[in-house]
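Input sequences plus hints: build the corresponding full structure.
Number of protein chains: 2
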Amino acid sequence: MSAEIPIYDPELLTKYNLGERHETLKEDESLCVRFLELLGELTEVGNISEKQFQEQFEFMKNSHGTYYCTVIIDTIKDRVVGASTLLMERKFIRGCALRARLEDVVVSPNYRGKQLGKCIVEILTNLGRTLGAYKMTLDCKDSMIPFYESLGYAKEPGNSNTLSIRYAASSNPEPKL
Amino acid sequence: MSAEIPIYDPELLTKYNLGERHETLKEDESLCVRFLELLGELTEVGNISEKQFQEQFEFMKNSHGTYYCTVIIDTIKDRVVGASTLLMERKFIRGCALRARLEDVVVSPNYRGKQLGKCIVEILTNLGRTLGAYKMTLDCKDSMIPFYESLGYAKEPGNSNTLSIRYAASSNPEPKL
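Protein chains in written order, with the UniProt record's numbering: chain U, 1 to 177; chain Y, 1 to 177.
What the hints contain is simulated information worked out from the structure, not anything from laboratory work.
Note that this is a predicted model, so its numbers are computed, not measured.
Among these hints, one or two may not hold up.
Said to hold, decoys possible - Simulated crosslink set (SDA-like; lysine to any residue; CA at most 20 Å straight-line):
1) Y:Lys118 with U:Tyr167
2) U:Lys51 with Y:Arg94
3) U:Lys135 with Y:Ile48
Claimed, not checked - Quick list of simulated restraints, FRET-style, between CB atoms:
4) U:Lys15 with Y:Lys114: 39 to 45 Å
5) U:Leu42 with Y:Pro157: 14 to 20 Å
6) U:Gly152 with Y:Ile145: 36 to 42 Å
7) Y:Thr14 with U:Val33: 38 to 44 Å
8) U:His64 with Y:Ile145: 34 to 40 Å
9) U:Val33 with Y:Ser49: 45 to 51 Å
10) Y:Ser49 with U:Gln52: 37 to 43 Å
11) U:Gln52 with Y:Asn159: 25 to 31 Å
What the hints assert, rightly or not - Okay, the calculated bits of chain U under chain Y, using three or more residues with CB under 8 Å as the criterion:
12) 34-40
13) 70-76
14) 117-129
Here a beta-carbon is modelled for each residue, glycine too, at the ideal position from N, C-alpha and C.
Quick look at the structure:
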């Protein structure tokens with residue numbers, strides 16, 4: 001991989017003083033490996049080859065302002081200690097609006113209690129506003145509701161349900177999207 | 001606008017026998033106007049210029065398998081009577097997985113009771129599976145839960161909350177995403 005290619009323009013973080021401790025995910029092998037290790041704290045990550053990672057990274061990077069994968073790095077220990085992705089979805093409703101979504105928030109277990117979760121949620125919430133979204137949403141477990149409420153998120157009365165279907169692994173998914 | 005350019009490959013619908021009554025949204029002025037009128041039944045749409053619509057349409061079309069805007073047309077009356085969008089989100093988790101999202105489901109009030117809502121949700125649910133997503137999610141009002149449950153969707157116990165922040169209209173959003 002070529003080192004140091006950012007998944008989105010890092011100037012967005014500095015220009016609006018959104019966060020000194022935050023960095024964009026970069027196409028740097030060591031950084032990416034540590035990023036995936038951290039994601040493993042959140043959920044199943046599985047075996048991802050360098051090629052797979054690179055293809056997904058390139059797709060996201062070339063999606064013109066859709067994926068904002070953001071990390072917090074302990075520069076002394078050179079570790080990825082927090083991460084989350086802001087997803088910007090285009091709509092036709094509301095004057096061709098943008099809806100922001102907060103995804104895959106994770107903080108290293110060794111770094112909990114340092115408000116890194118608060119820190120990364122706040123910066124991506126502000127980034128969503130800066131990019132012009134009309135709202136930002138997330139889905140979360142019951143146990144995380146007080147945390148997100150403390151940062152300004154709320155359930156909309158009568159309209160706050162996430163429903164899902166989990167698919168069985170397909171033996172023959174459509175190869176080309 | 002050039003007529004008949006589809007927002008995604010319509011062969012995806014026919015190849016997998018996903019739905020005879022469904023069509024992709026197309027870059028056709030009359031169709032787009034009627035599509036926006038229908039979306040007005042769901043929520044605020046606002047005044048969208050032809051240029052704005054076209055730019056959003058082009059962005060979505062060029063997003064390589066991210067936006068699947070799908071409509072049901074009454075071919076006799078030449079009206080758009082149902083619509084929804086499947087959004088495919090790229091992830092790094094779960095082996096660089098795809099997460100499918102069902103958005104902006106709407107059926108014309110004059111066509112309710114004909115199972116068009118069921119019809120469009122089922123086809124996009126099957127399309128999400130066909131495209132290789134590991135799960136498909138949606139958020140909905142309390143009153144819609146029984147409808148989606150009847151189509152196989154469920155709340156995950158302890159993990160089915162949608163939280164949001166609504167931003168005030170920004171006077172100066174970042175112009176380039």
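Status of each hint after checking the structure:
Under the criterion of a C-alpha separation no larger than 20 Å, the hint pairing Lys118 (chain Y) with Tyr167 (chain U) is consistent with the structure, at around 18 Å. Distance check on the hinted pair: Lys51 (chain U) and Arg94 (chain Y) sit about 15 Å apart at the alpha-carbon level, within 20 Å; holds. Our distance criterion of 20 Å between C-alpha atoms is met by Lys135 (chain U) and Ile48 (chain Y), whose separation comes to about 19 Å. Our hint of 39 to 45 Å for Lys15 (chain U) and Lys114 (chain Y) is violated, since their Cβ atoms are close to 51 Å apart.
Judged by the Cβ atoms, the range 14 to 20 Å given for Leu42 (chain U) and Pro157 (chain Y) holds: they are separated by roughly 19 Å. A hinted range of 36 to 42 Å for the beta carbons of Gly152 (chain U) and Ile145 (chain Y) is inconsistent with their spacing of about 26 Å. Judged by the Cβ atoms, the range 38 to 44 Å given for Thr14 (chain Y) and Val33 (chain U) holds: they are separated by roughly 42 Å. One distance hint, 34 to 40 Å for the beta-carbon pair His64 (chain U) and Ile145 (chain Y), holds here, with the actual separation near 35 Å.
Look at Val33 (chain U) against Ser49 (chain Y): about 47 Å separates their beta carbons, and that is inside 45 to 51 Å. Distance hint for Ser49 (chain Y) and Gln52 (chain U): a CB-CB separation of about 41 Å, consistent with the stated range 37 to 43 Å. Between Gln52 (chain U) and Asn159 (chain Y), the C-beta spacing of about 27 Å keeps the proposed range 25 to 31 Å intact. Chain Y is given as covering the segment 34-40 of chain U, and this holds because 3 residues of the stretch bring a CB closer than 8 Å to a CB of that chain, at least three being needed.
Under a criterion of three residues with beta carbons nearer than 8 Å to beta carbons of chain Y, the stated coverage of the segment 70-76 of chain U fails, only 0 such residues being counted. A stretch counts as covered by a chain when three or more of its residues have a beta carbon under 8 Å from one of that chain; for the segment 117-129 of chain U and chain Y the count is 3, and the coverage holds.
Of the numbered hints given earlier, the model fails hints 4, 6 and 13; all others are met.
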